[in-house]
Amino acid sequence: MCSAAREDRATPGTRESLAQQFSKAIDSHHQRRQIFRTTENDPANHTEHHEGMFYTVPPEHFHQWMRKGLTVNMYRMANAFNESSLMVRRPATELIGYLQMAEYTMPVIRYLLYGEYGSGKSTSLAHVMHYCGTQGWLILHVPWGAFFNRYSRDVQPSVYRPGRLDQPLEAAEWMTYFRQMNESLLTQLNIKVQHKYVWNKRESAEVGTPLAEVMEFGLARVKYAADVVGAVLKEIRLQAAPQGFKVLMAVDGVNAFWSTTNIKVEDDRTKRHNAGNLSLVHHFKKMIRSDWSNGAVIGTVDAYANDEDQRESYLPRYVLGKEGFEWLDPHIPIYVPNYSEKEALSCLQYYIDRKWLQNPKCKVALSRLQK
Amino acid sequence: MMHSARCALKSAASCSYSQLSTCRTRVCRSLASVASDGPAKSDATPKQTPQVGSAGHERAEKISKAMKAYLQRAQSHDKFMTNEIAEYEIGKRHLANIMGEDPDSFRQEDIDKAIEYLLPSGLFDRKARPQMKHPSQVIPKRKAAEFGVDGRPFHFLFYTGLPNYYQLMHETNLKLEALKHHEDKMLARDVSPETVLHLAGSQWLDSEKLGDMLREKIPERDFTQFVKLMDRLAAHPYSYLEKDFIMVYRRFLKSQAMLQEIPPLMYADDGRAYMEAEGIRKRAHAKVKVMDKGTGEINVNGRSLLRSFPTILDREQIVFPLQFVGKMSELDVEATVEGGGNSGQAGAIRFALSSALQSFVDRQMVEKMRLAGLLTQDPRRLERQKPGQAGARKKFTWKKR
Amino acid sequence: MAGAVEQLGKCMRCMSVCKRTWTPAFIQTRTAIYQPIYLEPTFRKEDLQQPLDELDKRKYQPIKAATNEQTSLASYDAVVAKFIRILTKEGNKKRARKIVDKTFENIKLIQLEKYHKAATEEERQYIECDPLTIFHQAITNCKPLLTTQKVKRGGVMYTVPIPVKPNYQMYKAMTWLIDAGTDKERDIRVWDKLAYELLNAAQNEGKGVRKKQELHKLCEANRAYAHFRW
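As you go down the protein sequences, you meet chains A, B and C in turn.
Position 300 of the first sequence, counted from 1, bears residue number 300 in the UniProt record's numbering, the numbering being contiguous throughout.
Position 138 of the second sequence, counted from 1, bears residue number 138 in the UniProt record's numbering, the numbering being contiguous throughout.
Position 80 of the third sequence, counted from 1, bears residue number 80 in the UniProt record's numbering, the numbering being contiguous throughout.
Just chain A, same shape as in the assembly (with noise of 0.2 Å):
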């Protein structure tokens, strides 16, 4: 009934039934035993004893790192619960651990989250942003790969380079999220540009320039926003090693950099531009290579972020298809599970506490909780 982790499973048929030990976890709440929490609200802390537990992530830093990464029902519990609570789970504690012992010398590792639909890849993604956000690290954060693929409000033809294809509006979005998210550092870090970026034949950005400026300049003039992207982009991973700041490149979806966009080839209206045509993308495939370091690229690989003829299973070789693949080789690929047994009860302790779960014939066990 539970499609879950198969390492739980104990001898089949002499174990409590889930509507047993929910029935149990129903009283336990009664008494006040809330074994489904923890204190410990510092992801830097997280270890594999708090897995199933769930920690709440002070509305500062929720507002600040994960204004965009989780699914529109969790913005609306946490608003309902008047707060905002994260499970803590493997693949977060492992990437969490990874990220401690990593060797910043060395080029950037490559970390891939897979799993089913509705496993938990972008929440353990958020929690792994949350984690750096607290440790300092300035964080890149791309929350869905195939936004620019699908969704676009206006293509214009590229200013730098003929061929591809700006999105001014999506990107100067972009760049607001990106400075609102890193406020506070990037003010003292203040990066400064150490190369020279012709914008047209009367603006241009010296060497020296502060980041700031250039940012600001990107999103005065929306046209050349997509170039000053990658412009930004390009400072902070040739900076990150010199300057001593650690950057999280976080992208959800990340295999929709090889899928095809909903945007017709002006030649040909039956073809459709590939997403590497895109500037946007193209500058945020530079940033998950791994010839800069002090950093870390985690990427999440989902097949919904795929073309739907491309989602018949969720492994990374088939979803990022060949050339996406080799992009990304070699990486650390992380599973993330459905809910084990023994989270499954905890979100459902976590539920009767916020009063989520109101039905007062919920004492048995439904196939809701495959999810």
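Please note: incorrect hints may appear among the correct ones.
Claimed, not checked - Calculated lysine to any residue pairs in the SDA-like style (CA-CA distance at most 20 Å, straight line):
1. 246(A) / 44(A)
2. 141(B) / 76(B)
3. 64(C) / 260(B)
4. 342(A) / 37(A)
5. 394(B) / 33(C)
6. 254(B) / 36(C)
7. 243(B) / 229(B)
8. 93(C) / 380(B)
9. 342(A) / 90(A)
10. 287(B) / 68(C)
11. 92(B) / 80(B)
12. 89(C) / 343(B)
13. 254(B) / 51(C)
14. 175(B) / 233(B)
15. 234(A) / 107(A)
16. 98(C) / 310(B)
17. 98(C) / 109(C)
18. 45(C) / 365(B)
19. 57(C) / 196(B)
20. 386(B) / 33(C)
21. 133(B) / 120(B)
22. 327(B) / 49(C)
23. 228(B) / 251(B)
What the hints assert, rightly or not - Non-contacting residues of chain C with respect to chain A, defined by C-beta distances greater than 12 Å in every case (computed):
24. 34
25. 38
26. 81
27. 93
28. 100
29. 147
30. 166
31. 168
32. 188
33. 205
34. 211
35. 215
What the hints assert, rightly or not - Distance windows between CB atoms, simulated:
36. 88(C) / 181(B): 52 to 62 Å
37. 78(C) / 399(B): 40 to 50 Å
38. 237(B) / 54(C): 16 to 26 Å
39. 85(C) / 160(A): 52 to 62 Å
40. 78(C) / 181(B): 39 to 49 Å
Derived by calculation from the structure, the hints in this document are not laboratory data.
Quick reminder that beta carbons are idealized off the backbone N, C-alpha and C, glycines included.
Given chain A, work out where chains B and C should sit, using these hints.
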């Protein structure tokens, strides 16, 4: 005379039971007069002035010809019956010899088994399959002579066409009136009925059976009237007084609980008990294997339940039997299903699952499952489109002109 | 006709016993599919706790198959099931169920926000978070007690108030609520509007309750003709 006879008959049909006896005599008398008297006055013509006696004799001759024909038919039927019975007996002995049994002690059950063996048939309707039964059971019974040599019918209700039926109706009505009278008396004395007539577990005979009993083919409308009347009789507070009469016209239903045979569990190599079953719903066919000592895993066509049935409605359907018997986390289910749509497939799996679950639970639980509607094959199918209409029920736009 | 149905019934009964056989895809009859002897199923476990009485006709008569919304699961509610059926358009029950589920979720979210942000324990007591309770309360508040019937007397058509049967009450309450929920702008979702309407109705406000009150007013205005019923 005929006219008066006809009038008498009409009034006979409409009068109440107590007045019927007087009607009867009137009718009998008029019929008798027709038989014995001469022709009607309209028959007389100026040319012919027939004698009373010779005309009556002519009529008697005509009637007796009809009677003769009837007698002939009855005789040939009797002869036919004896022939059939003789053939049946010989055939029985031959069959016994074919089967290698003793011809003398070869009974009807043995004949049935032999025919089923020698002439297997897959036809659904058991009555359409080859049968060999005693002619008295196969050939419909005929009534005995309904009128005498003079052509006068014996039954006073002969000319209704269904004399036994109408007699039964009259009898029943008479009983009902008697019960009402009885009730009035009891009410006057302030006495209530001692007991109640319980009709649970029985049903009124269907029109065929009633027809066999009365040796008449009863039309649908008349049968409905019969059932209505009997219902009224049975519903009367004092109907227990006429229990024997009522029970003649009821057939007993078997307790549904014991009807189906439940197959025993099978055992796999690893010691797990399992049961397989099939189910159909609309156009979907499902095959389900339920295994003991499981964790409550349900797989459909190799994929998990959640992936195969994203809709909560379908999943609830499939999980219903397991939750009902309380074995959700003890049994594993492997299902294969093809055809139909989502809800049809879910229904097919549910039925197959319920059928298989019968072997895992006790009889009481099986009965509960039956009451819950889990063990009934859902016979509903798509209704066909009719000519002259857009769909099964939808009509074309109605235009006034 | 009856013969065809009987044959089909036998056909279906044989099916579970026989091997895979051809089944007709269409049904030719216009009349009821089940023979009259078939009884409605009792699918709730609480109704089956006691063994059947000897004289219970369910013991001797076959039972219809449970429909696809009838389960013994905790999530089954007869009133909600009826609501879903009325909301179903063109046979798309899946969508109707989705709408109702999302509506209840919305109600929960709205109420829980109020609950968790409430300052005092006292305030929390008055906030009802169970969407089913709110739903039932909304239905009850929208049920009309009287309705009107047109009666012709002396060549004049009068509007006569008459009492309402329970089924009709339920039907009217539900249709009014659904109409209130679907009467919206294009960009507003049904489940948002309907949640809002249900919450209002539970507080005895909103369009659904207004419809009931208008009907009651009409009946009150015409109460002089009440005796025309007989």
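Point to revise | Restraint check for residue 133(B) with residue 120(B), where alpha carbons must lie at most 20 Å apart | key: Satisfied, since the Cα-Cα distance of roughly 16 Å is no more than 20 Å.
Review point. Are the Cα positions of residue 327(B) and residue 49(C) separated by 20 Å at most?
Key: This hinted pair holds, its Cα atoms lying about 17 Å apart.
Review point. Is residue 243(B) within 20 Å of residue 229(B), Cα to Cα?
Key: Satisfied, since the Cα-Cα distance of roughly 15 Å is no more than 20 Å.
Practice item. Return holds or violated for the Cβ distance of residue 78(C) and residue 399(B) against the range 40 to 50 Å. Key: holds, 42 Å
Exercise for review: Would you check the hint for residue 92(B) and residue 80(B), treating anything up to 20 Å between C-alpha atoms as holding?
Suggested key: It holds: about 18 Å lies between the C-alpha atoms, which stays within 20 Å.
Check your understanding: Hey, does residue 168(C) actually stay past 12 Å from chain A on C-beta?
Key -> The assertion about residue 168(C) holds, with a minimum of 29 Å to chain A.
Check your understanding: Within 20 Å, alpha carbon to alpha carbon, are residue 254(B) and residue 51(C)?
Key -> Satisfied, since the Cα-Cα distance of roughly 18 Å is no more than 20 Å.
Practice item. Against chain A, does residue 211(C) hold up as non-interface, every C-beta pair farther apart than 12 Å? Key: holds, 28 Å
**Study point:** Distance restraint between residue 175(B) and residue 233(B), which requires alpha-carbon spacing of 20 Å or less
**Key:** Judged against 20 Å, a Cα distance of about 8 Å means the pair holds.
Review point. Is it true that the CA of residue 228(B) sits at most 20 Å from the CA of residue 251(B)?
Key: holds, 16 Å
Review point. Is it true that residue 237(B) and residue 54(C) lie within 16 to 26 Å of each other by Cβ?
Key: The hinted range 16 to 26 Å holds for residue 237(B) and residue 54(C), with Cβ atoms some 21 Å apart.
**Study point:** residue 100(C) remote from chain A - nearest C-beta pair above 12 Å
**Key:** holds, 14 Å
Violated hints are absent here; each numbered hint is respected by the structure.
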